[in-house]
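Protein chains: 2
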Amino acid sequence: MTEQTKVNADLQQERKKCTFNITELTNFIDGGPHMTEERRKREEKVLKEGIHIEEVPSEYLSHKEKYELAVKKACMLFKLIRRWQEEENTGMESFRAVLGGSLGSAILQDGSPLTLHYVMFIPTLMGQGTVEQQAYWVGRAFNLDIIGTYAQTELGHGTFVRGLETTATYDPKTKEFILNSPTLTAYKWWPGGLAHTANYCIVMAQLYTNGQCHGIHAFIVQLRDEETHMPLPGIKVGEIGAKLGMNGTNNGFLGFENFRIPRDNMLMKNAKVLEDGTYVNSPSSKLTYGTMMFVRVVLVNDMCNYVAKAVTIATRYSAVRHQSQPKPDEPEPQILDYVTQQHKLFIGIATVHAFKLSADWLWNMYNNVTAELEAGDLDRLPELHALSCCLKAVSTADAAESVERCRLACGGHGYMLASNLPLTYGHVTAACTYEGENTVLLLQTARYLVKAWQQAAGGNTLTPTVSYISKIYAGRRSPPWDNTIEGIIEGFQRVAAGKIGLSVTNIEKRQKEGMSYEDAWNMTSVQLSQASESHCRAIILSTYNEEMKIQAASASPELKKVLFQLVDLYVVYWALQRVGDLLRFTSISERDIEQLHRWYEDLLVQLRPNAVGLVDAFDIKDEILHSALGAYDGRVYERLMAEALKSPLNAEPVNRSFHMYLKPFMQGKL
Amino acid sequence: MTEQTKVNADLQQERKKCTFNITELTNFIDGGPHMTEERRKREEKVLKEGIHIEEVPSEYLSHKEKYELAVKKACMLFKLIRRWQEEENTGMESFRAVLGGSLGSAILQDGSPLTLHYVMFIPTLMGQGTVEQQAYWVGRAFNLDIIGTYAQTELGHGTFVRGLETTATYDPKTKEFILNSPTLTAYKWWPGGLAHTANYCIVMAQLYTNGQCHGIHAFIVQLRDEETHMPLPGIKVGEIGAKLGMNGTNNGFLGFENFRIPRDNMLMKNAKVLEDGTYVNSPSSKLTYGTMMFVRVVLVNDMCNYVAKAVTIATRYSAVRHQSQPKPDEPEPQILDYVTQQHKLFIGIATVHAFKLSADWLWNMYNNVTAELEAGDLDRLPELHALSCCLKAVSTADAAESVERCRLACGGHGYMLASNLPLTYGHVTAACTYEGENTVLLLQTARYLVKAWQQAAGGNTLTPTVSYISKIYAGRRSPPWDNTIEGIIEGFQRVAAGKIGLSVTNIEKRQKEGMSYEDAWNMTSVQLSQASESHCRAIILSTYNEEMKIQAASASPELKKVLFQLVDLYVVYWALQRVGDLLRFTSISERDIEQLHRWYEDLLVQLRPNAVGLVDAFDIKDEILHSALGAYDGRVYERLMAEALKSPLNAEPVNRSFHMYLKPFMQGKL
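Chains C and V, in that order, are what the protein sequence lines are.
Using the working numbering, the first residue of the first sequence is number 5, and each one after it goes up by one.
Using the working numbering, the first residue of the second sequence is number 5, and each one after it goes up by one.
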């Protein structure tokens, strides 16, 4: 082994200390050895193309150059995927495999202008087009004769879809729809790829025909000339400007001025406009919920990947970094030996496992409910909707906090883009807002919980994920506190039920004082969103614990031990975070709390020797991690210096600004 | 009034509703009408120069261009300040006035490469140089014959100053110091302006003379040729690369290879090396604490300014933005009417007031203690040190959370750089790490608190800010809960004392189990840092309340009412945030908590009509706010579109990447 490839001695030591088989854990996380193998093959296949290699790191480029690089890379990546599709005949699976994991973000670190073509444009055509429309448009889209995106959000309208202003007015004379943006706030705003990349777009607009508004419908709209890429007359399109992150996504705006499209361009699988302008209603509008829920379910899994990245970086760095001298005659310890550092990191490792198992569980439920839906059974849709809302909100918020905590745990070096932590935060925090703003989503779940509470009060049986409410509703008095994992989880259910109950009481009290239900709801909404969050915590804690019992059944004793230490850590951590809730709604005592503190501190000690092994097991290749602080070899300082030297500013010993400004300024001549 | 300058109707309405005189509040915050007038004059004077105006907003530039623009602007700004100094003979005051407020960050939005010359280089020369050294170097620095910075942190060494590796070895033969960076981790890393701007630098290095190490001392080192700006032989200097924010600061690295400087270049006010290499000790090393504490004290005030900016932007936007339709036949309400939104914003407004009064109080204490220091009295130094540590940690962490909460409260538009919220976060979150990492600082305060506890146990009287500990130590039993502001504040003191006491108990328990004190401390450090945070909360809450009583004594009844609503909101908010602590360490009951919830919700209702007035009173000019969402006129959507159109990508209808990559890709020819 040469000097250049040597692994940092501290990391070597850490890996020797690990008490379990790292490969076994990797296989466990992937879902079996064959899945690990498949993932690794896929990663190697993509990475050997070298698309991810940047001569000058993109953080040094101008905004415009960043976009141009993103287009180049996206084209090369999707060309590669298309080749596989042809070779392996895998259809959409190949896209999901690359875009769903961390692989896509490794290559297109700051987002891709082509993603929505595959993730929204094609799926919407398939989901909302008639068979004829699908045959024509999906073919053209798959063939890349056209590049599309999906435009819903407007400059003045986000979450509240009914409030969209863009109009599509049917003209029976020409059998066309006339698209208009009646105001500035009606401009489409945000769609990825819309600015300069897509030449087609699905536009959500208020449908008017025969003088009547029929609400929001989807239309296929050509934006740019297929040959020259020039925007068509009546189309105003451009980019919305620089953002906190994801500057490769080419988010755009779009306005219409009497822009006409053929009648056939309305997606008519559900509702139709006939040639004479007659509107024919949709059989069920609930069917369109599917895509939204799908994206939220997938997001929970994405959050795992981001947190896994961040905690791998911060843990390896903490094993390499030494600081201070608590004992006079001993060397500076690794910062990973400070309990405050362990407190910041180990919960991140446990969070990845908790989210992974919750995401898998939600995914299964989603598939079951979708199958039921197709058989015409809508019963479990509201439950799935409520779950996907709160899990999306809590997982994105927790992930953002985890990533920031990891970044701050790396001190100043975490602030460097070379750590890859700021970019990771940019992705994760965006997810707190898109696909439903988190507070709005928590309140959606709260509506479901309030209904469940009222059903419990009426003596009805509840759906599985809220059945704890009726149990607790029935036996109001708190049982003696049980200071175990199961006891804590039950405690969290008691907290959730208690908060829902209190919220309902407060709403009713305010109604009795003369408020409308809507105003009483609003006045209580801080408590309602907290109740919703508590419900979600109870779900995640119990799912993590229950699913781990099933999944880890056949694991080796060494691995099983560590896996359940993480479960314990996660549950005890959250108990300590929510000690106020537990004190209010359960019979936990001060002595129990002090025991929990001690338990927590002991768990940190137990997990300490396995910390690096645990993040190694996430098996994130250096090219995907893309971090000077987090590489497998731990050569942190060499890599930081190597990254610094890539800055174009370092290519010249003297920058021209010295002669232009600094010297004249110093000489009083500026 | 023309269409172009019209104020948004919602904002007009909000301003009409305001129940107090906005100017009175502005004067109150500034410290009197003359102070407001002076600030405004200063702002106008700087802004009329137009240095802040950017043809292409800097977010669209490349990293290198951003630096060049920052040098240009910094030179122009400091030239202006220098002119004032000459005109008005104000010395350093002019720098502080511009750099201390929001004004500097309005012009140099992403940091300045010249700041450390004024903030660290010159003050260190003044503080640590002999009279002769001051006469020579301060003159050259003020004259801008040289531009300096201050290099302490190294690639492998931050908080732990004793661990620095750079060496300065005295050679009595040539009467020179030889500077070396013995390892890669010894490279200086981070100093602002070091990369390509400064030609001189104060370097902190381990002093060796006559074969003995005497620890860290300061040396003046020339880095670059004064004429050509070329790095001198033996000097390796460059920039450290792109960061999350502050990309205009030109942070650099610096390595030495047998670089020689004259003996006179050691700053010798305190310690000396004689010509023959004899080391003469410093009379008191405590004196150097001064600068560090000064910066931390100033930081608390900076945090006010950033939070005030963020909450002004988010509040005005929330008054303009409408969303959803809770009541079927009514229009979409302003999002400011949602109680969950008020919950996110109003605490931010109160935080500005709480921090402002705490910062002023700390500033007075700092001045008193510094005066005592100069008279040789070091008694109150540890108390001030403990306070400055925890207040820096808590204020920066709270400010970062506040700014992010404001950003997320603006939904997707908050993610746009045009909102100015991401850049503001970049500044604030950096402060969580620099000038002492927050966890390290909390643990420094914890050391002081543990000592205080032990003194209380020994029956000693304690210094004022920890005197509550002896009071509570004496009467261990909790008095009946008093659900008032004063009662809550006392509750927080009880929490802090309780946590300190528990930490001490746990340390002692672990020592009895055989652990060393250092290990027992480490094992208890999560609890210790939380105790320290609780202490700081108690300080802020009581300072805010007590100082407001004094300061607001002569305010009009209308203003006084609102000011104390904010005090109430702040105290009740934190009581609800820390309900678990209160339940553990006081006799608060579930009924009290429910009353606090109701009280909190009522306060939101009371403050709602004054929300816009309260942020208007921060009186932050549009040019300083620099936000499409937050401008005084509330023309949010027009400004967002105007900002978008400044993107260079929008200058051409078709980007060249279409012809280079996209079209060939679509045609299968890439």
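Some hints here could point you the wrong way.
The list treats identical chains as interchangeable, and a pair is accepted whether it falls inside one copy or across any two copies.
Stated by the list, open to error - Mimicking PhoX-like on lysine-lysine, the simulated pairs with C-alpha atoms at most 25 Å apart in a straight line are:
| hint | residue 1 | residue 2 |
| --- | --- | --- |
| 1 | K650 | K516 |
| 2 | K565 | K83 |
| 3 | K513 | K455 |
| 4 | K76 | K650 |
| 5 | K650 | K240 |
| 6 | K564 | K516 |
| 7 | K513 | K331 |
| 8 | K475 | K331 |
| 9 | K331 | K76 |
| 10 | K331 | K21 |
| 11 | K179 | K10 |
| 12 | K45 | K625 |
It should be emphasised that the hints constitute simulated quantities derived from the structure, not laboratory data.
Right, here's what the structure says about each hint:
1. For the identical chains of this complex, K650 and K516 are neighbours neither inside a copy (67 Å) nor across copies (54 Å), given an alpha-carbon limit of 25 Å.
2. Neither within a single protomer nor between protomers do K565 and K83 lie at most 25 Å apart by alpha-carbon distance, with minima of 45 Å and 66 Å respectively.
3. With identical chains, the CA atoms of K513 and K455 are at most 25 Å apart within one copy only, with a shortest distance of 17 Å there and 50 Å across copies.
4. Within a single copy, K76 and K650 get their C-alpha atoms as close as 21 Å, and across copies as close as 24 Å, so both meet the 25 Å cut-off.
5. In this assembly of identical chains, K650 and K240 lie within 25 Å of each other by CA distance solely across copies; the values are 15 Å between and 39 Å within a copy.
6. For the identical chains of this complex, K564 and K516 are neighbours neither inside a copy (54 Å) nor across copies (33 Å), given an alpha-carbon limit of 25 Å.
7. For a Cα distance limit of 25 Å, the shortest separation of K513 from K331 across copies, 20 Å, qualifies, whereas the shortest one inside one copy, 60 Å, does not.
8. In this assembly of identical chains, the alpha carbons of K475 and K331 never lie at most 25 Å apart, being 54 Å within a copy and 34 Å across copies at closest.
9. In the homo-oligomer, the alpha carbons of K331 and K76 never lie at most 25 Å apart, since the shortest distance is 54 Å inside one protomer and 48 Å across protomers.
10. Taking CA atoms no more than 25 Å apart as the test, K331 paired with K21 passes inside one copy only; the shortest distance there is 23 Å, against 62 Å between copies.
11. For the homomeric pair K179 and K10, neither the shortest alpha-carbon distance inside one copy (71 Å) nor that between copies (41 Å) is at most 25 Å.
12. For the homomeric pair K45 and K625, the shortest alpha-carbon distance inside one copy (12 Å) is at most 25 Å, but the shortest distance between copies (57 Å) is not.
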